[in-house]
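Enquirer: Sequence:
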Amino acid sequence: MNLGIISYNYYESGIKGVKDLGLDYVEFCINEEAEKFLKEVPNLKNNLVKYSVKVASIGRWGTTRIDKNGLVLEELEVSYRLIDACETLGAPVFVCGCNYVDELSYYDNLTLAIKYFKALIDYASPKGVKIAVYNCRWNNFICTDETWRIVLGHLPELGIKYDPSHCVYDGGNYLEEINKWGERFYHFHLKGSLYINNQRVDDPPAGLDMTNWPAVMGLLYAKGYQGILSIEPHSSTWTGELGAKGVEYTINYFKQLIF
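In the numbering used here, the protein residues as written are 1 to 259.
One should not assume that every hint holds.
[Unchecked claim] Derived DSS-like pairs (lysine-lysine); straight-line CA-CA distance at most 30 Å:
1. 118 <-> 255
2. 19 <-> 118
3. 180 <-> 19
4. 127 <-> 19
5. 180 <-> 16
6. 39 <-> 127
7. 54 <-> 19
8. 50 <-> 118
9. 115 <-> 36
10. 245 <-> 127
11. 36 <-> 16
12. 255 <-> 180
13. 54 <-> 255
14. 245 <-> 45
15. 50 <-> 115
16. 118 <-> 54
17. 39 <-> 19
18. 16 <-> 50
19. 118 <-> 68
20. 39 <-> 16
21. 45 <-> 19
22. 245 <-> 255
23. 115 <-> 180
Keep in mind the hints are simulated off the structure, nothing from the lab.
Take the sequences, apply the hints, and build the full model.
Expert: Structure, rendered in structure tokens:
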């Protein structure tokens with residue numbers, strides 16, 4: 001396993017910033033302004049080489065992939081182009097989700113989700129890119145044991161991008177999920193969570209939260225996970241200088257758990 005970090009800065013200063021942290025991997029989340037990112041890919045590729053940084057994954061969160069008429073072809077095309085960017089930049093994983101359509105039955109939603117992910121897998125596989133569904137609930141319903149059993153059961157090539165905090169905030173058992181599904185993890189987020197009296201308090205730096213990270217790491221080793229552990233700063237408290245110190249703390253904390 002190796003450490004990386006999410007960056008929304010895909011220009012030279014952002015890549016240099018990753019390297020200055022002592023990290024060799026970066027993740028890009030392209031939720032908006034996909035065209036802006038795609039136009040920057042040639043320059044980004046050069047800057048990655050310049051600073052010896054690799055792309056761990058490219059992801060797209062929150063968009064509408066299916067509707068009552070079927071696959072949203074415009075969004076599918078954007079996903080294809082981001083998979084092309086994965087190939088160009090050497091990113092091994094494309095991360096996405098699938099929304100739920102209220103006008104359709106549960107069965108029809110699952111059928112369309114499978115169709116959507118199958119289209120991505122068919123497009124990405126020849127390019128050496130794997131598809132992972134995120135376990136975030138943001139416009140995504142393929143995020144629980146029940147839906148994983150159906151969709152991942154039907155698509156053995158589909159993996160999971162896992163973040164324990166989403167399970168915590170949903171009232172679940174993240175250690176149980178990792179134990180059951182860890183072999184299907186393609187990418188992993190390090191994000192802290194504080195959930196007290198059934199209320200989300202803050203997302204502090206991983207290692208300064210209530211997650212049992214040593215047990216998480218023990219399970220990841222047991223499941224043979226060899227991917228990237230991607231740090232996700234995600235707190236309105238930990239910003240600016242304090243946020244920078246928090247990232248540094250997380251890096252030093254997890255270095256003790258990576259062997």
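Enquirer: Tell me, which hint numbers fail for this structure?
Expert: 1, 2, 3, 5, 8, 10, 15
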